[in-house]
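Q: One-letter residues, chain by chain:
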Amino acid sequence: MTISAQKAAQQGRRTSLARGRSRTAYLLLTPFILVFLAMLVVPLVYSGYLSMFKRTLVGGETFVGLQNIISVFTDQRFLEGVGRMTVFFVVQVPIMLGLALFIALALDSGRVRAARASRLAVFIPYAVPGVVATLMWGYLYGPDFSPIAQAFKAVGLTPPDLLSSNLILASMMNIVTWEFVGYNMIIMFAALRTIPLESLEAAQIDGAGQIRTALSIKIPAIRQAIMLTLIFSVIGTFQLFNEPSLLSKIAPNVIGTSYTPNLYAYSLAFVNQDPNYAAAVAFVLGALIMTVSYVVQLRGRRKVSA
Amino acid sequence: MSTRTNKPIRAIAALTAVGALTLAACSSDPDTENSSPEPVTSPAVDDAAIAEAMSTPTTIDFWTWVPDIQNEVDLFEAEYPDITVNVQNVGQGGEHYTKVRTALEAGDGGPDVMQMEYQYVSSFVLTNSLLNLKEYGADGVQDQFVPWVWSQVSDDAHVWAIPQDSGPVGTLYREDIFAEAGLDGSPETWAEFASAAQQVKEETGSYITNFASNEPGAFLSLLWQAGASPFSFDGSETLGISLNNDRSKEVVAYWQDLVQNDLVGVDPDFTDTWYQGLANGTYASWQTAAWGPLFLQGTAADTSGLWRAAPLPQWDASAPSAGNWGGSSTAVLANTDAPIAASEFAKWLNTNAESTEMFANEQFLFPTRTEILESPEFTSDELEFYGGQRVNEVFAEISATVDSDFQWLPIADYVFGSFNETIGAAIAERGDLLAGLDEWQADVVEYATAQGFTVVES
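Line by line, the protein sequences are chains A and B. For the first sequence, the working numbering begins at 1 and goes up steadily by one. For the second sequence, the working numbering begins at 307 and goes up steadily by one.
A few of these clues could be false.
[To be verified] From the derived model, a few chain B residues whose C-beta atoms are all more than 10 angstroms from chain A:
| no. | residue |
| --- | --- |
| 1 | H464 |
| 2 | T495 |
| 3 | S610 |
| 4 | R696 |
| 5 | Q713 |
| 6 | D738 |
| 7 | Y753 |
[What the hints assert, rightly or not] For lysine to aspartate or glutamate, the following EDC-like pairs were computed, each having C-alpha atoms within a straight-line distance of at most 20 angstroms:
| no. | chain 1 | residue 1 | chain 2 | residue 2 |
| --- | --- | --- | --- | --- |
| 8 | B | K440 | B | D568 |
| 9 | A | K153 | B | D578 |
| 10 | B | K440 | B | E494 |
| 11 | B | K507 | A | D144 |
| 12 | A | K249 | B | D540 |
| 13 | B | K440 | B | D643 |
| 14 | B | K555 | B | E745 |
| 15 | B | K405 | B | E423 |
| 16 | B | K440 | B | D462 |
| 17 | B | K507 | B | D568 |
| 18 | B | K555 | B | E763 |
| 19 | B | K507 | B | E494 |
| 20 | A | K249 | B | E401 |
| 21 | A | K249 | B | D719 |
| 22 | B | K507 | B | E486 |
| 23 | A | K249 | B | E735 |
| 24 | B | K440 | B | D578 |
[As the list claims (entries may be wrong)] A short, non-exhaustive set of chain B residues, derived as facing chain A with CB atoms under 8 angstroms:
| no. | residue |
| --- | --- |
| 25 | T577 |
| 26 | T657 |
| 27 | F759 |
Please keep in mind that the hints were generated in silico from the structure rather than gathered at the bench. We put the CB at the ideal spot given by N, CA and C, even for glycine.
All chains, please: the whole structure from these sequences, using the hints.
A: Written as structure tokens, this is what we have:
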């Protein structure tokens with residue numbers, strides 16, 4: 001009886017303590033929650049609401065429920081955009097992350113001269129705003145007077161048309177790779193620096209060389225960081241906008257208004273004046289990105305536990 | 307694990323529901339405001355009302371991108387010290403209209419007076435966003451303007467804007483390249499132009515011109531010249547769309563030959579490649595609007611003295627005609643608080659002698675007022691870049707031949723955007739232009755139908 005009363009009293013104290021703590025926690029979180037609500041939840045809900053209506057220039061607005069969302073799934077333009085981005089993802093992301101990993105490992109090995117300077121050099125493209133980068137590459141890709149074309153002509157070859165429908169996706173992949181290798185490299189490099197020295201020393205004592213250490217110790221140790229860069233890449237790829245939007249100025253007949261899903265949503269809202277359907281496209285795109293990110297994460301986790 | 311993740315999700319779901327309700331409640335207001343714009347019932351204003359309005363302190367917001375327009379506005383304010391005009395540049399092209407539309411949706415924050423390109427007038431008419439200036443005495447200034455320009459901003463019962471500048475289309479050509487190819491001046495007919503294209507290619511290696519794959523405005527000006535009126539709009543719900551009518555098919559078939567035989571360039575215009583092409587003689591001519599001569603002068607400075615201006619080649623040399631590409635007007639929004647002052651400002655800006663002379667001779671906007679077009683100060687201007695030719699005079703004469711019947715659809719943005727992906731793509735690939743034209747027609751019709759318009763194809 002007394003014992004249980006004591007216990008109860010203890011428990012009561014603990015819960016009130018816990019309550020006090022959680023109150024402080026919520027208080028501290030309030031600024032974030034407010035901004036989160038105002039800047040994320042409310043706009044999200046609002047676009048969800050918008051997507052439930054159909055608005056035509058003649059006839060005005062009617063409630064259509066989920067019809068917009070459903071028609072996105074059979075929208076040829078949207079599906080083509082998603083297909084294009086899937087190709088982009090499958091080809092570009094492994095190249096970009098592979099390069100980033102290689103550079104991070106090289107810098108971490110301590111065998112690179114001027115490591116700090118090289119690290120900075122690889123990272124600099126990320127500091128160049130995407131818009132500027134695209135304009136710059138747009139100039140480099142020009143079919144007649146660009147340095148690339150000049151170089152081809154100088155050795156007597158026909159320069160490839162880097163802005164033609166066959167090559168434009170590859171040209172875009174090149175821009176994005178150039179921009180983001182450094183960013184991903186920094187994330188991986190930072191993770192590499194946190195690997196406990198003991199395990200590296202142990203590997204050394206066991207006679208593992210640089211490559212062996214990289215494959216068996218370092219890469220498994222930074223798997224989480226690599227997963228993170230992969231998730232960022234999923235999101236970045238499916239939201240591709242700046243590059244196609246700017247390149248469409250110099251390759252207007254190759255990059256249409258629905259070249260990427262994001263560009264499509266933009267043109268729907270601002271060219272076709274159809275914010276409702278644009279909201280539906282944005283919603284489906286968001287759901288798609290979440291799904292792909294989730295699948296990627298699941299697969300990653302399974303590999304860790306295996 | 308599962309409880310930890312579920313809680314926030316549930317919380318968000320609850321918030322979502324609350325948010326949706328709030329938003330649903332809020333959003334009914336703008337709808338009711340939008341759905342029934344008040345019909346313009348203001349009585350014809352008399353001189354007393356105008357005098358009173360112009361001596362009452364009033365502020366007018368004016369959204370425009372015209373450089374240095376503050377100079378003309380200053381003149382206006384000097385004459386009407388009680389009226390303050392707030393000039394704001396919110397961007398050019400699409401951005402400008404998007405911002406105006408957003409302000410109209412929101413119900414406030416928009417301008418009283420706006421810069422308006424001719425092809426956009428009808429899209430604002432459709433949403434009942436413009437003040438009918440006919441109710442504010444715009445009739446009184448009609449006879450000052452070139453008739454075809456006036457027809458771009460008005461119909462029988464309405465005047466939607468006051469014209470400011472225009473872009474009748476002519477030819478700018480490299481006299482030296484043409485001479486090298488054995489041509490004496492610019493071809494007078496399109497038939498001659500086709501054989502000239504052959505000659506220029508053979509003798510000089512240049513393209514006679516570039517048929518831009520991304521310039522619906524220029525393309526439509528060629529249809530306009532040919533009298534192939536592809537659009538009509540009844541002001542409410544019915545659109546006539548016939549981009550692939552017989553006349554336009556003839557025009558397109560003509561260019562198809564030149565494109566397929568590699569006698570003209572097919573580069574997108576206003577790109578690096580294109581600028582270079584103009585500067586280095588890859589293209590020996592440019593079919594462009596009256597704003598083109600000055601633009602070219604800035605772009606291809608090294609070729610000064612080698613260029614000349616001429617009218618477009620003609621389909622029928624005995625009945626010269628031309629189209630228009632570009633130019634803009636001044637419109638007053640229906641929801642303005644100061645309709646009289648705003649209308650007076652729009653009229654004054656584009657009819658006052660000093661103001662319009664300034665536009666023409668200092669900002670080089672191609673005039674729409676007959677008086678300026680005929681004034682010696684304007685026409686006698688000799689440009690060194692064109693070998694001392696009186697270029698303004700050439701374009702003033704072209705302006706007199708522009709056809710008055712050309713109309714626009716209230717979905718100009720879509721029509722223009724669709725061009726690039728249909729016929730524009732065909733041009734870029736030197737493919738089947740006629741098929742591209744059909745695609746363009748089909749795409750625009752599909753969009754218009756989906757937007758609830760009654761579409762008449764003919």
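Q: Now look at each hint and say whether the structure bears it out.
A: Comparing the hints with the structure gives:
Under the 10 angstroms C-beta cut-off, the non-interface status given to H464 (chain B) relative to chain A holds; the minimum distance is some 19 angstroms. With a minimum CB-CB distance of about 30 angstroms to chain A, T495 (chain B) clears the 10 angstroms threshold, and the non-interface call stands. Consistency note on S610 (chain B): stated as away from chain A, and its beta-carbon is indeed over 10 angstroms from all of that chain's, at 21 angstroms minimum. Once the 10 angstroms rule is applied to beta carbons, R696 (chain B) is consistent with being away from chain A; the minimum gap is 34 angstroms.
The claim that Q713 (chain B) lies off the interface holds: its Cβ sits roughly 17 angstroms from the closest Cβ of chain A, which is beyond the 10 angstroms cut-off. With a closest Cβ-Cβ approach of about 14 angstroms to chain A, D738 (chain B) is found to remain outside the 10 angstroms limit, as its non-interface label requires. The beta carbon of Y753 (chain B) is not kept farther than 10 angstroms from every beta carbon of chain A, the shortest such distance being approximately 7 angstroms. A C-alpha spacing of about 50 angstroms is found between K440 (chain B) and D568 (chain B), which places the hinted pair above 20 angstroms, so the restraint is violated.
Of the supplied pair hints, the one linking K153 (chain A) and D578 (chain B) holds, its CA atoms being roughly 18 angstroms apart against a limit of 20 angstroms. The suggested pairing of K440 (chain B) with E494 (chain B) is violated, with an alpha-carbon distance near 40 angstroms, which exceeds 20 angstroms. Distance restraint check for K507 (chain B) and D144 (chain A): the Cα-Cα separation of roughly 19 angstroms lies within the 20 angstroms cut-off, and the hinted pair is therefore satisfied. Note on K249 (chain A) and D540 (chain B): the hinted pairing is violated, with a Cα-Cα distance of about 34 angstroms set against a maximum of 20 angstroms.
With a CA separation close to 18 angstroms, the supplied pair K440 (chain B) and D643 (chain B) stays within the 20 angstroms bound. Of the supplied pair hints, the one linking K555 (chain B) and E745 (chain B) holds, its CA atoms being roughly 13 angstroms apart against a limit of 20 angstroms. About 15 angstroms separates the Cα atoms of K405 (chain B) and E423 (chain B), which keeps this hinted pair within 20 angstroms; it holds. Between K440 (chain B) and D462 (chain B) the CA atoms are separated by roughly 10 angstroms; this keeps the pair inside 20 angstroms, and the hint holds.
With a C-alpha separation of about 9 angstroms, the suggested pair K507 (chain B) and D568 (chain B) falls inside the 20 angstroms cut-off, and the hint holds. With a CA separation close to 15 angstroms, the supplied pair K555 (chain B) and E763 (chain B) stays within the 20 angstroms bound. As the CA atoms of K507 (chain B) and E494 (chain B) are separated by approximately 18 angstroms, the hinted pair is consistent with the 20 angstroms bound. Between K249 (chain A) and E401 (chain B), the direct Cα distance comes to roughly 15 angstroms. Compliance with the 20 angstroms bound is thereby established for this hinted pair.
Annotation: proposed proximity of K249 (chain A) to D719 (chain B) holds, straight-line Cα distance about 16 angstroms (limit 20 angstroms). Between K507 (chain B) and E486 (chain B) the CA atoms are separated by roughly 11 angstroms; this keeps the pair inside 20 angstroms, and the hint holds. Distance hint between K249 (chain A) and E735 (chain B) is fulfilled; the C-alpha atoms sit about 17 angstroms from each other, no more than 20 angstroms. About 44 angstroms separates the Cα atoms of K440 (chain B) and D578 (chain B), which puts this hinted pair outside 20 angstroms; it is violated.
With a cut of 8 angstroms, the hint placing T577 (chain B) at the interface with chain A holds, because the nearest CB-to-CB distance is about 5 angstroms. A distance limit of 8 angstroms between C-beta atoms decides the matter here; for T657 (chain B) the minimum to chain A is near 33 angstroms, and the interface restraint is violated. The criterion of a C-beta within 8 angstroms of any C-beta in chain A is met by F759 (chain B), whose closest approach is roughly 5 angstroms, and the hint holds.
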